[in-house]
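Peer 1: Sequence:
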Amino acid sequence: MALTSPSFLASKSPLLPGRHLLPPSVKPITAVHSADPTKSTKSTAAAASTSSPSIPTQWSLESWKSKKALQLPEYPDQNDLVSVLETLSTFPPVVFAGEARSLEEKLGQAALGNAFLLQGGDCAESFKEFDANNIRDTFRVLLQMGVVLMFGGQMPIIKVPLLASSFDVGRMAGQFAKPRSDPFEEKDGVKLPSYRGDNINGDSFDEKERVPDPHRMIRAYCQSVATLNLLRAFATGGYAAMQRVTQWNLDFTEHSEQGDRCIHLPQINCLLYALKSFGPIQHRDISVHHLFLGFFEGYGTSSGMQNALHQYLGTVCLKLVLYCELAHRVDEAMGFMAAAGLSVGHPVMTTTDFWTSHECLLLPYEQALTREDSTTGLYYDCSAHMLWVGERTRQLDGAHVEFLRGVANPLGIKVSDKMDPSELVRLIEILNPRNKPGRITVIVRMGAENMRVKLPHLIRAVRGAGQVVTWVSDPMHGNTIKAPCGLKTRSFDAIRAEVRAFFDVHDDEGSHPGGIHLEMTGQNVTECLGGSRTITYNDLGSRYHTHCDPRLNASQSLELAFIIAERLRRRRLASRNPLASSRSSI
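Numbering (the working numbering), first residue to last: 122 to 707.
Derived by calculation from the structure, the hints in this document are not laboratory data.
Given the structure is predicted, the values throughout are model-derived calculations rather than measurements.
Hints are supplied without guarantee of correctness; some may be wrong.
[Said to hold, decoys possible] With a cut-off of at most 25 Å between alpha-carbon atoms, the simulated SDA-like pairs for lysine to any residue come out as follows:
1. Lys603 <-> Leu206
2. Lys539 <-> Lys609
3. Lys188 <-> Leu206
4. Lys609 <-> Leu206
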């Protein structure tokens, strides 16, 4: 079943990865997704000739070793490394080829503006925090976000709660490695190798912990399999039921701190009802600013308090009205479907599809879990459904690009403001020579200001080359700052501004915003500033648990989903009425 020979690290395998050139002891994997019936040899050859990607000549499982590989650890015991990799190569795949092909088809729809990708999870998964409750809570937030985005965009797509307008590709079940800008970390005059993720070394500032240990890859594999098993149970066992997720969203709008403000301030609570009495938000031409002034004057509130309240609470209350309205409209839609005969117990209402993804960083691990699909003759990296190449490892002649060009998984490319448009076009040509929709997702991370300046040129270059890609915003990495206390953090306002810039640019260019890529958790952490709970610098230390980069907490993640859903709704309405604006002030 393994695709690797006993001499795992020796670069002696044939350069043409055809089935008959493999050593006699190496067999292609025959376990396939249930939706893909086993084909005859003749049909397999035909499929291989038409499927994406075409395998370039001179590619093999080990051809990446002839290229310069950045961000890889140096293991002190090579024999130990070989033994671990040979063991991994005999393990069952974490995911199946048919699932990856299904995701590619859905991403192809996102590239055309008919779907939306929701990709979220931890910056770097931890062995210490491996807990069923943590997995459940993050999955729950992804489900909630998926329903909100689905209703806002009303797109026929697949998502973590399977039902329509957004794909949820979890950054779970395998995101253990992290690239580092500095190979060493220094504290109090002591210099040690940087922490690179739990599947490489430990995060404790200890000499023994920081030594790369290949056996951590075995543990990472086992944890990935266990996580995926639990997620599949949640996805198909009723936990992802639409009725349940909708109720969670109603609870969020009623019991969030924004909702609490309305409970504790009777005037504002009455104002909300007054605002809602004007009808659906999108049909109301009314100034919240003037409503506040008139309303508070009626209550005899001092002018100073009027000014202070209307400036801050005007936006807060409008947000809350929008969130409440959307959540209740979803609930009403559920009632309509039930009345129409679509039972809440129907499988389409109680189950969901989901996929996993992670950065393709630790190439020996990725190679050990790569298998040949018996139905197509193509190679799939079975450690995850989707893989992406990072900003630090996307060199055109680098080892990571060389490895990825030969596997058939859908691929992501992380792009910052440093990316030259012509270089992006060339990279896409290398990774997707047949220009198949869904094969390439471009994940843009550059901050709001750079987004407005740089992204248009990238879009025009890709469009000019006739390439089909799915454009996705990563509003996290371009907005990392250092707090006065020394902790890394991100501002929710900056994240929101980058998302807004992403949508604005696509509106201007006539292209499609295809998704969002977030570092987030279902836990109530205090790692990013702002949001409805107004986390401040002073709050950061109270629940700062990340092993690498700051994450949005559950409340911030869901609030961002409501904001994006409103933008998707406006785009949908603008597509029907060219005179309407798709832009939002939220």
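Peer 1: Hint by hint, which ones does the structure fall short of?
Peer 2: 1 and 4
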